[in-house]
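K.L.:
With the hints as extra help, turn the sequences into a complete structure.
Top to bottom, those sequences are chains A and B.
Sequence positions in the first sequence follow this note's numbering and run 195 to 1014.
Sequence positions in the second sequence follow this note's numbering and run 717 to 815.
Keep in mind that the hints are not guaranteed to be accurate.
Residues on chain B that point at chain A, a partial pick, calculated with CB under 8 Å [as the list claims (entries may be wrong)]:
1) Ile744
2) Asp751
3) Thr783
Calculated directly from the structure, the hints in this document are not laboratory data.
Ideal Cβ placement from N, Cα and C applies to all residues, glycine included.
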Amino acid sequence: MEPVNMESMGHPEIYPLVLTTKTQEIFNCRIDEDVTDEQPYKLINKVDIFEDLRNRAAVSDFHPVKKIVQEYPGNELLLVYDKDFKYGLNFYLIGTEEGKENYLNPPEVPEEQEEYKEHIPEDVYVYKPPVSKPWVSLGSEKEIEEESVMESTKQITYMISQKRSEFGAPVKFSDQNASSVKDAYIECTAYPDKNFTLKQLEKDVSMQVIPQIKDTSTQTEWTYPKNATTQYYPREFSEEEKETLKQSKPLVDFLNNASISVEIALQQNEIMNTFIDDWKYLAEEEGTFGDKTDTHLKEYQSFTDLHSPTEKMITCVSWHPTIYGLIAVSVAVRLSFEDRVYFSGKLLLQPSLILFWSFSDPIHPQLMLESPDDIFCFKFCPSDPNIIAGGCINGQIVLWDITAHADRIENIKAGDSRSKKATLKPMFLLEPESNTEAMYIRHCAVSSIESGHKKVITDIHWLSDTFEINRMGSVFENRSGICCQLVTCSADCTICFWDIRPQKPLTPQTTEKKKEESIEIPFDVPSTFLHLDLSWKPLSKIRLSKGETSLDYCPTRISLNEDHLLYKTEDKTLTQSKIVKTGEMNPYHNLESGMANLLKPIDDFCTKFFVGTEDGEVIYTDWKMKKDSETGRLMPKKPVSIHTIHDGTVHTVQRSPFYNDIILTVGGWNMAIWKEGVMTGPLLQSCCAPKMYTSGHWSLTRPGVFYIGREDGYIDIWDLLEKTHEPAQSQNICITMITYIKPWIFSAKQQFIAIADYYGTLRILEIPWTLSRPSTNEMTSVNHYFEREVKHLEYVEQRKNIREQEKKEMELEMEKKKIF
Amino acid sequence: MAEVEETLKRIQSHKGVIGTVVVNAEGIPIRTTLDNSTTVQYAGLLHQLTMKAKSTVRDIDPQNDLTFLRIRSKKHEIMVAPGNLAFHFLVKLSFCFTR
Chain A
195 MEPVNMESMG HPEIYPLVLT TKTQEIFNCR IDEDVTDEQP YKLINKVDIF EDLRNRAAVS
255 DFHPVKKIVQ EYPGNELLLV YDKDFKYGLN FYLIGTEEGK ENYLNPPEVP EEQEEYKEHI
315 PEDVYVYKPP VSKPWVSLGS EKEIEEESVM ESTKQITYMI SQKRSEFGAP VKFSDQNASS
375 VKDAYIECTA YPDKNFTLKQ LEKDVSMQVI PQIKDTSTQT EWTYPKNATT QYYPREFSEE
435 EKETLKQSKP LVDFLNNASI SVEIALQQNE IMNTFIDDWK YLAEEEGTFG DKTDTHLKEY
495 QSFTDLHSPT EKMITCVSWH PTIYGLIAVS VAVRLSFEDR VYFSGKLLLQ PSLILFWSFS
555 DPIHPQLMLE SPDDIFCFKF CPSDPNIIAG GCINGQIVLW DITAHADRIE NIKAGDSRSK
615 KATLKPMFLL EPESNTEAMY IRHCAVSSIE SGHKKVITDI HWLSDTFEIN RMGSVFENRS
675 GICCQLVTCS ADCTICFWDI RPQKPLTPQT TEKKKEESIE IPFDVPSTFL HLDLSWKPLS
735 KIRLSKGETS LDYCPTRISL NEDHLLYKTE DKTLTQSKIV KTGEMNPYHN LESGMANLLK
795 PIDDFCTKFF VGTEDGEVIY TDWKMKKDSE TGRLMPKKPV SIHTIHDGTV HTVQRSPFYN
855 DIILTVGGWN MAIWKEGVMT GPLLQSCCAP KMYTSGHWSL TRPGVFYIGR EDGYIDIWDL
915 LEKTHEPAQS QNICITMITY IKPWIFSAKQ QFIAIADYYG TLRILEIPWT LSRPSTNEMT
975 SVNHYFEREV KHLEYVEQRK NIREQEKKEM ELEMEKKKIF
Chain B
717 MAEVEETLKR IQSHKGVIGT VVVNAEGIPI RTTLDNSTTV QYAGLLHQLT MKAKSTVRDI
777 DPQNDLTFLR IRSKKHEIMV APGNLAFHFL VKLSFCFTR
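P.N.:
Written out as structure tokens, the structure reads:
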């Protein structure tokens, strides 16, 4: 019987015992007498235990631990009283010397543990390397033994070898069927396993219909590609053959037949142009800019001079030829002649002005040109837009030179000031030294009062720079290359030609002396025309006399042959190139340079021009003077033709920008279109309008369109291709009489028309696409119209003659009848 | 003989005609007012086209026959008058009417 030790509890040396009271008495370990709490152990001699064992054999309590006691090395065993039955029984025996030592002298572990606990808060870790201890078997080797695989029996080894004689002998292989020899192979046959057979109950199938296709292929003999060339010459007939063929009859017959049809075809081609693309010419030009249906003039801007004390009306309007958005306006006081005389004192204090308006500022004019009296007409010089000539109410011509201020007006940007404030100042007011006073620019020169016109100048024109005239009216080539001559007409029934170049004075010394004494020129006035100031005399004067009576024709407008050049838009580049650039010597400052050249006459120059008068007559006359044989004086020629068409003052005599010989005259209650050379009458004469016409102008881009302003503020737009008996459109512009109309082109897409009224307001309107864009073939259509009208007039003349003839015949018949 | 010359001269003198070529049934030029290479080129190309046109007309209606063929291009017009013996075609310059 193995003694039970407390191996399971970690103390294999402890053997629990039950000691009966008898045993306790024998060994003097009675509970609570020999063995107490203070001393729960007792050392018992080994000999005593043996004796007890002999005495009581199996009854002895030490019987279970008999073996341990026998094996105990020492003499005394430690017996401990287990009061708490820690090991299950009331006593236990410690079976090893070491255990005895341990029990008697317990190691100081708890104390060390307490020391450890004190050390930890100080955060000092003392490293103790592990100390090797002898291995203590805990019974694991028994488990390993059970699990390990060990050979139970010894292995048997066989050694097999061939017979010695067969070593190295040739090998013989033979085939053998595996199945013939029994057990030569082992197979695992496949067998259907019921577990793995599945019956498919559902199946997804799709179908497609395709045409029957058949794939076939062939193979051809492939020969390698080879470049090959041939040379040939066309078959031709030799000369003899050609000759023989030429004479053969069939050829002749054929040619005769064929040539007929060929000639028919050729004639067809000559009749009409076969290469025309009808589709292309069918449609009008597409790509319109803006609304095609919009035919009204749209208001763009309006200018009013708010600073003037009296009420003014606008007499003349002119766009600046080069600067975009700049327009000049001449204003005059709105008073009748008697009122003018009455208020003459007050009027003297107010300056008469030409105002320069710019699109960028509708309230403040950019420049103001001062003149001695109200201006009724003015024009920019075509060669130099800084020179302006104006005709005054008192008969003087006034010249301005604004070259010094050209920079101011050139820098004005128009059109981008739509969001401007009302207090926006013109550009040049930003300069510190300029103030409002500097805007007034004094005139440069005025004509002589005695020798010029006596009454208001009604029209003024610059003569083209291609020619110049002398006192006789003969035409010569222009020596200076610039516009240097003017023509004016005035209410005193004269037409005067003026030259701005210095003339050789008849009495040089006296006039110069006079000038030095009396006149002091202000310092800021340019001296361009100093030679003309107050001594300017006309080159020649033509009096439009009605013959023997003292009444003369009073011209209000004239139209010379070359005027249309100034309106034509394509020639704008030409005029611009002739305009003087800054930096170069301004020819206007050196007017005498050209005079040194010889005069070269121009032949075949048409010196005739149209004049419209105050009584409504349209006169076609010549400016060339002829020498009167009797008196030897220079006399103007008689007018070529005079027509009284209009019922009131003719205020517009204008040549069409497209046709050199078509003139529009507007006056009174009707308008007329004339062709130069057709002396029988106007091509077209409108019937009396309900309201008086007060101004008119051709359209600059459409040959058949012109604008007429009425006294009630309406503008009539006439389109000759649409209607000739009445205007195509009428549009209300303002409430009062329209005094001046002036259209202007800025670009292909932007055209403006300036309309001035009696109350002094200038309105700028934009011409819509339909009115500015000519339709295709408009020019030829209008041309045809005019030609038809000319033919109509001729026919009328012929009919007149025939009628006369008929009338005479009828009278003769009547006379004959009377006699008989 | 003189007739032939006269007829051809008359046609050639029309306004706008550049050249005239007379070609036999096989396409070999007999008479021409153009230079050799141009003649040969025109003869070769137009002969085939005319044959095609003739056969087309005949295919559509066997009773019908080609009387005249005009080819109008941007620059020129070519007129072909077929006969039973010879073809005769001429090249014509376009009329450009100005607007």
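K.L.:
The structure should be examined with respect to each hint, and the outcome stated for every one.
P.N.:
Hints and how they fare:
Below 8 Å, beta-carbon pairs count as interface contacts, and B:Ile744 has one with chain A at about 5 Å; its hint therefore holds. For the restraint placing B:Asp751 at the interface with chain A, the shortest Cβ-Cβ distance is roughly 13 Å, beyond the 8 Å limit, so the hint is violated. The interface hint given for B:Thr783 is met, as the beta carbon of that residue sits about 7 Å from the closest beta carbon of chain A, less than 8 Å.
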